[in-house]
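**Q** Residues per chain, in single letters:
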Amino acid sequence: MRIPILKLYDCLLVSIQWELDDQTALQFQEDLLHKIHEIGASGVVIDITSIDFIDSFIAKVLGDVISMSKLMGAKVVITGIQPAVAITLIELGISLNDVMTSLDLEKGLEKLQQELGE
Amino acid sequence: MENQSCVNIQTEWDIVAARQLGRNVAKELGFGIVDQARITTAISELARNIFIYANKGRVCIEKIYDKGHAGLRIVAIDNGPGINDIRLAMEDGYSTSGGLGAGLPGVKRLMDEFDIVSSKGKGTEIVATKWIR
Numbered sequence: 001m002r003i004p005i006l007k008l009y010d011c012l013l014v015s016i017q018w019e020l021d022d023q024t025a026l027q028f029q030e031d032l033l034h035k036i037h038e039i040g041a042s043g044v045v046i047d048i049t050s051i052d053f054i055d056s057f058i059a060k061v062l063g064d065v066i067s068m069s070k071l072m073g074a075k076v077v078i079t080g081i082q083p084a085v086a087i088t089l090i091e092l093g094i095s096l097n098d099v100m101t102s103l104d105l106e107k108g109l110e111k112l113q114q115e116l117g118e
Numbered sequence: 001m002e003n004q005s006c007v008n009i010q011t012e013w014d015i016v017a018a019r020q021l022g023r024n025v026a027k028e029l030g031f032g033i034v035d036q037a038r039i040t041t042a043i044s045e046l047a048r049n050i051f052i053y054a055n056k057g058r059v060c061i062e063k064i065y066d067k068g069h070a071g072l073r074i075v076a077i078d079n080g081p082g083i084n085d086i087r088l089a090m091e092d093g094y095s096t097s098g099g100l101g102a103g104l105p106g107v108k109r110l111m112d113e114f115d116i117v118s119s120k121g122k123g124t125e126i127v128a129t130k131w132i133r
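For the protein sequence lines, the chains are A and B, in the order given. The first sequence begins at 1 in UniProt numbering and counts up by one. The second sequence begins at 1 in UniProt numbering and counts up by one.
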């Protein structure tokens, strides 16, 4: 199943609603970059409120897609990281440095607007 | 043994099956949400290691009891190439597969107990345990 990517003005909005398997994660990486290219998006919000764990593979795919989006000129904010996810990511040794994050979707969109407004 | 269930790891879908099994057992045993995430993540790392390095193997999830304490034990076994240098493999950031290198040292931090036995050409067995606090 593919993760839906919604257009919101010049931004893209993604809400990951179910546990990611490897294929879905890689497909999403490709889909997002194509969509950024297609609509000329300048910002992306990826909400992961429903995700209850992230392993090193998913973390790498997420980190990579953020770097790739940056190369294409789009800024990405990750929102909704759950406490359990934050704890396990750090214990696992993954800090996702240089990734913009916000507590929830609302704050994420605000942050993106500020970033893009500057 | 009814306290143990196993998933054969042959495809990347089996990684999903293994961590779902682990999460269900962790829930049943009464682990909190954070420990459930730790256990699920640890299983995912170990199952993926099998898939990447050994192609196939087995992940077993066991309910264990010791002096009135309940715990969950993950046993990950493969007959793959083995690990050349376990000390190096346990270092943060070390990877021979282009991954993040978070796998084994990460799993050790996520779990309470961690044991690894590996011999070159014969395979690897990792046992990791989490106790309910």
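Just so you know, these hints were derived from the structure itself, not from any lab. Just so we're clear, the structure is a prediction, and the values are computed from it rather than from any experiment. Treat the hints with care, since some could be wrong.
Said to hold, decoys possible - In silico SDA-like pairs for lysine to any residue, Cα to Cα no more than 25 Å straight-line:
1. B/K56 / B/G32
2. B/K108 / A/N97
3. A/K111 / A/D21
4. B/K63 / B/S5
5. B/K108 / A/Y9
6. B/K27 / A/K111
7. B/K108 / A/S95
8. A/K60 / B/S5
9. B/K27 / B/N55
10. B/K27 / A/N97
11. B/K108 / B/V127
12. B/K122 / B/N55
13. A/K60 / B/K122
To be verified - Computed far set for chain A versus chain B, every beta-carbon distance over 12 Å:
14. D21
15. Q23
16. Q29
17. E30
18. H37
19. I51
20. I58
21. K70
22. L71
23. G73
24. I87
25. I90
26. T101
27. L103
Unchecked claim - Listed next, the stretches of chain B that the computed footprint assigns to chain A, with coverage defined by at least 3 CB atoms under 8 Å from CB atoms of chain A:
28. 6-19
29. 31-37
30. 119-129
For every residue, glycine included, the Cβ atom is placed at its ideal position computed from N, Cα and C.
**Q** Now, for every hint given, state plainly whether the structure supports it.
**A** Now the hints, each set against the structure:
no.	hint	in the structure
1	B/K56 / B/G32	violated, 31 Å
2	B/K108 / A/N97	holds, 22 Å
3	A/K111 / A/D21	violated, 29 Å
4	B/K63 / B/S5	holds, 9 Å
5	B/K108 / A/Y9	violated, 45 Å
6	B/K27 / A/K111	violated, 36 Å
7	B/K108 / A/S95	holds, 17 Å
8	A/K60 / B/S5	violated, 29 Å
9	B/K27 / B/N55	violated, 29 Å
10	B/K27 / A/N97	violated, 31 Å
11	B/K108 / B/V127	holds, 10 Å
12	B/K122 / B/N55	holds, 13 Å
13	A/K60 / B/K122	violated, 30 Å
14	D21	violated, 5 Å
15	Q23	violated, 7 Å
16	Q29	holds, 15 Å
17	E30	holds, 17 Å
18	H37	holds, 25 Å
19	I51	violated, 10 Å
20	I58	violated, 8 Å
21	K70	holds, 18 Å
22	L71	holds, 19 Å
23	G73	holds, 26 Å
24	I87	violated, 5 Å
25	I90	violated, 9 Å
26	T101	holds, 17 Å
27	L103	holds, 18 Å
28	6-19	holds (count 5)
29	31-37	holds (count 4)
30	119-129	violated (count 0)
Hints 1, 3, 5, 6, 8, 9, 10, 13, 14, 15, 19, 20, 24, 25 and 30, counting from the list given before, are not met by this structure.
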